Amino acid sequence: MTVVTANKLLGDPVDRVDGPLKVTGAAPYPSDVTYPGLVHAVLVQSTIAAGTIRSIDAADAEAAPGVLAVITHENAPALAEGPMTPLLGPAPPSPLKDNRILHHGQHVAIVVAETLEQATAAARLVRIDYEETAPVLGIDNPEAAVLRNPWGLETQRGDAAAALASAEVVYDETFAIAAGTNNPLGLFATVARWEGDRLIVHESTQWPTMARQTLATVFNVPENDVQVLVPYLGGGFGAGLRTWPHAILTALAARLVDRPVKLVLTRPQMFTSVGHRAETTQRLRLGATRAGRLVAIDHVGTSTLGAEAANMEFISIETGAAYACPNVATHDRQVRLNIPSPGWMRGPGSEGNFAIESALDELSYTLGIDPLELRLRNYAEVHPQSGLPWSSKALRECYRVGAERFGWTRRTPEIGSMREGNWLVGYGMAGVTFGGAQLPCQVRVSIRRDGSAHVRSAATDIGTGTYTVATQLAAELLGLDIGQVRVEIGDSDLAPAPPSGGSSLATSLGGAIRDAAGNLLRAFLNVLAEDHRSPLQGRRRDDVTAADGRIHLVDDPSVGETYSDILARHELDELAADGEINPQADGAGMAPSGPFAARFAEVRIDAELGLLRVARIVSAVDAGRILNEKLARSQIIGATVMGIGMTMLEETIFDPGSGRIANATFGDYLIPVNADVPDLDVVFVGEPDRFSPIGSKGLGEVGIVGVSAAIANAVYHATGRRIRSLPITIDQLL
Amino acid sequence: MFPVEFEYEAPTTVEEAIRLLAESGGEAKILAGGHSLLPMLKLRLAQPPLVIDIGRIAGLSGVSEQDGGLRIGATTTETAIQDSELVQRLCPLLSETAAHIGDQQVRNRGTIGGTLAHGDPAADMTAAVLAAGGSVTVQGPNGERTIPADDLFLDMMTTALEPDEVLTSVWVQTEGPRTGSAYEKFANAASGYAIAGVASVITLAADGTVARARIAITGVGSKATRASGVEAALQGKRADDQTIAAAAEHAVEGVDLIGDLHADESYREHLAKVIARRSIQRAVGRAATKS
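Protein sequences, first through last, are from chains A and B. The first sequence begins at 6 in this note's numbering and counts up one residue at a time. The second sequence begins at 868 in this note's numbering and counts up one residue at a time.
These are calculated hints, taken from the structure and not from any lab test. Any given hint might turn out to be false.
Interface residues of chain A toward chain B, partial, derived using beta-carbon atoms under 7 Å [as the list claims (entries may be wrong)]: (1) E613; (2) A680; (3) V682.
What follows is a list of derived Cβ distance ranges for each label pair [claimed, not checked]: (4) B:G1126 - A:T670: 56 to 62 Å; (5) B:R956 - A:R621: 54 to 60 Å; (6) A:T670 - B:M1023: 41 to 47 Å.
Computed from a predicted model, the values in this text were never measured in an experiment. Cβ atoms here follow ideal geometry from the backbone N, Cα and C, with glycine treated the same way.
With the sequences and hints as input, model every part of the structure.
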């Protein structure tokens, strides 16, 4: 499994700089944090899905050993609602507002005690008398309120209805994908401490800047008086993009008991407290010519939503950009149910891709055109909505290289034609067009007299390698060794940064580091402007570059001096510079691209046993410039495994009567294990992206997209069974 | 989890083991490979006051020819059975079955006596010994007796052994001329336990019809059992694919089907029939090529 990197400015497969800390257990995760006098909180969650609390009897809990407080809606101070969040919409509703119950597992009390065991025991003593009403459950429930185009993100171009009516070939099918749960391995934790009116929170978050803003708003304190710390996070997958009610409750508890308070969610609570991938249904209609040109796409996506919370997500978001089709209409519907609020889960849009890429596969059989060829016939050479050239697009290369590595030409097109003993063999593929995001980001970079550089930003590393790529980038731009660069992130007091989410951070932070590095070299030249002893006196930014810890002339590397010498001579401890990016797509003359990919899957099916095994998956990915091929490959492999889970195993089951999640444990919620994961081949293709200051495009999510369709298409090729419902289960195959 | 406290004895003779068993009033547990007992102790499903380790009793392990069959000592490991040249030559069913058990570590420790005395409904070797026309020898305070495999498994984890008896050896029939065998299994992907397992021993007559069929099934019911309906449907018939498929339809006749989160009853029944067919097909194929 070799990885070919198309372009290398960086790209070296540097080991994780935080690897030793992690394998030795020295990396401090939020749940590891402790303070003198720290006490523990445990949540009490609703055991009904809809209704009201008639009364709460907390007397026994309050009298239990070690208990410091039992906080309920009856004694909690009123909390403000969190702010509108860029990218994500309104914050989740603040907790303990009133006596209403909106979903099973809603936090109705938080118990604080000296020890975790005492808090756990006391939480069981809180007696709640509910007035239960019938919950609204089920995505097809006619009683559920339906929001239409809630985010104004629907696509309209041409006249899809008319084009469908006159198309030579019309496709019309529905798809269903079960709810899924993000399930980062690290249990989300909050440790909150107040120093007077200043709040310090160690929080499992993918976005410290947002968490600070939310907590400041909710507790009505200045943002500067809130500090959110998360140097390490045990995975997020989108669950950490919001400041959820449990975090607010922990900060509230810390204020009320005037002690540092720790709350660690249990695994079952991770299913109800930090979002999940919404259950979705889709109706997809395609119109095409007999020659395989798409003339119309009409895509209706419906997803579940909490009773009052918002979730700014649109599952057919990529449909309008994927193919060169003149008539496209997408429709976004959200159904309000009495369920915990869904949220982002790695790869929003992967649902829509499953429908589109399955449909194209079906069309390929109808028309007798090779699935890969059909995609090429509808290749979007320019951004189909804006007509602008892509900032980069190597999807054709993804198809070509992926097909070659996979051996697509060995595929015989007839269904069930590739058999090995009891195993039916199927080949399937899918194309992926995924959204790109660069978000405003700031960073401060400094160099000290000892020659070391420090990079500081409120960004996070959620396990993906931010520390490492930021180190590589700063080292390269400043001409330093990896070991001379220290990256400090995960602290909201540092320069504001966007989330580790939406596949946006590496490119956004990288752009800001590039800007800061340039500014820092300018700052050094400014210091030398009047320095007659310096060979660089009076030089401008364009004249110099940096290497081996020194600034030198581009034209003559022998003319220059080290950072250390400059700082020492000027009696400076360090020089710092700020950098930022504020991406502006308008007027750029191009459509900012996200990553593209082609996925090829081989499955083996024992049709008599209903046994489905993925034999191998080849992923060819265009993510622009690859910053670190080792980490990039890990990202794609990890996401592909998650895609296998989404396709074959993962399903969050809401009991249709009670609204309780019936499988909120790792024993019952199946995620892929090694035995489920075959040989995964990853290859990177493409050119540096023109819109990205460092040429990269985010690859945190693209790896999950397309896996489902590639597998389902392979299942069809093997068996003739078209599966339009995920996960693919035994009963669908028998 | 930790087991509750227990006493440990490691006798060097079977007689001493039986005496210790009897003294405990049948409350003690015998420890052989420990691959069923230790998990039960740790989960506190078993809380014996005394564990009697029979691993140091000489002469309880090994394979030898005896009475037209193979005598296999109770503490012979599954790996030893899998690798035994004697077993591979004279009763290949047992060797093939052993290779399906758990993983290599489990097979290195787990014993044939242990798995039979434990009577786990999802064990593999239970079906193989049934299909091989086997029996077990047990020893108690009143001496030795032989229990045919057909009479050994009474219910889930319940065998015909008395609480004061120790299983000392297993005997299986040699697979004779024109005889073929196979063990086919649909395994739990995580544990390797049989969700449906079928062991077949088929002897063909000179005219190609089935002279004798012994088929045993495990994993689908509360105990491993002979699939006598399948056997009857094959007896005297020409073993073509159609006949085998029809016979396999009888796979769960008389079986008290179990359903669990890995497979409900109807899926287990379906699996049993498919697995039975494949097992018989392979056994017949081997019988046909064996003079």
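> Against the structure shown, which of the earlier numbered hints fail to hold, in ascending order?
Replying inline: 3, 4, 5, 6
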